[in-house]
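Chemist: Sequence:
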Amino acid sequence: MNSQSVDFRSLKCVTTIECNDKSLQKLLHFTISGIDTLTTVILHNYVSSNLLLQDNHRDNVRSSLQSPKDPKELLGEKEHSLLAYLQIYEPTVKDPPSFTLTQLCNLEELRVGVACGTNFETFSLSKLPKLRLISIGEGEAPGVSSFPLVISLLLNDLPSLQSIRIGDNCFLNATEVEFSSLKSLTSIKIGTSFNKAEMYDGLLIFTELPELQSIQWKLGCFCYMQQIVFKDLPKLEEFQGPLEESSYVQTVLYPSSMDHFIQGYSGLLPFTVEAEDHSGYIRYR
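Going by our numbering, the sequence shown opens with residue 391, and the numbers climb by one from there.
Accuracy of the hints is not assured; some may be wrong.
Unchecked claim - Using 27 Å as the maximum straight-line C-alpha spacing, the simulated DSS-like pairs for lysine-lysine come out as follows: (1) Lys-517 <-> Lys-573; (2) Lys-579 <-> Lys-520; (3) Lys-573 <-> Lys-625.
Hints in this document: simulated from the structure, not taken from any laboratory.
With the sequences and hints as input, model every part of the structure.
Modeler: Next comes the structure, spelled out in structure tokens:
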């Protein structure tokens, strides 16, 4: 699609919105609003647009963002009057490039392919009460990045989220990353090169994750995070978070219960171990 402004308000029988490989290359902002019961949105590989989906506070929205399937299987034979308003437009100065999903009350899975979101600066998911899975860039495309310009990764009000899976070469520039207050989250798995660009003031936080059992990231992640914080992870059973010797991490804060996970860092980084302080943390510097 080559146009920069498209208005589909006249559509009355849409059940599925599907962006094929390499579509929306020149669009900077993609908005779907006024949806009654939109059932499926699909983003294939190499989709480069800004996506905002919201239901305008409607209570009966049913929507899902899924991996590619047979369109015939998705559309079926029934007709529905679902999509009230669809607009694609360029962002203004006050509306920076962003990927936002919010107020989609029946969205259960978010699956985004490789090399998507090359224009976005923020990535935000909020008010998605049934979202269980976030999967980004897990396809086979060596060296290809998804969301490379995103600085802020924001996840809020996702009470049902259980799993976060992020593939290799995603979020290269992310420096503001917080996984917090996700009451049902059990696993986080991140591929290589997350936070790989040379931005030196990053902060990575894992906190208030009462069901989290596993944190895994590959070597080559979080090289430019100045501080990594672990807090309130009572059920953590598995931690694989190697850091490169050349990492710029200055401080790792964690509860004493994680000592057997974190102690290996002292062999990789020029840290010295301090005694456990009054806040219940052990500090590496």
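Chemist: Each hint: holds or not?
Modeler: Here is what the structure says about each hint:
Only pairs whose Cα atoms come within 27 Å are accepted, and Lys-517 paired with Lys-573 is accepted, the gap being roughly 14 Å. Between the alpha carbons of Lys-579 and Lys-520 the distance comes to roughly 20 Å, so the proposed pair stays at or under 27 Å and holds. The straight-line distance between the Cα atoms of Lys-573 and Lys-625 is roughly 12 Å, inside the 27 Å bound, and the hint therefore holds.
Against the hints set out earlier in the document, no violation occurs for any number.
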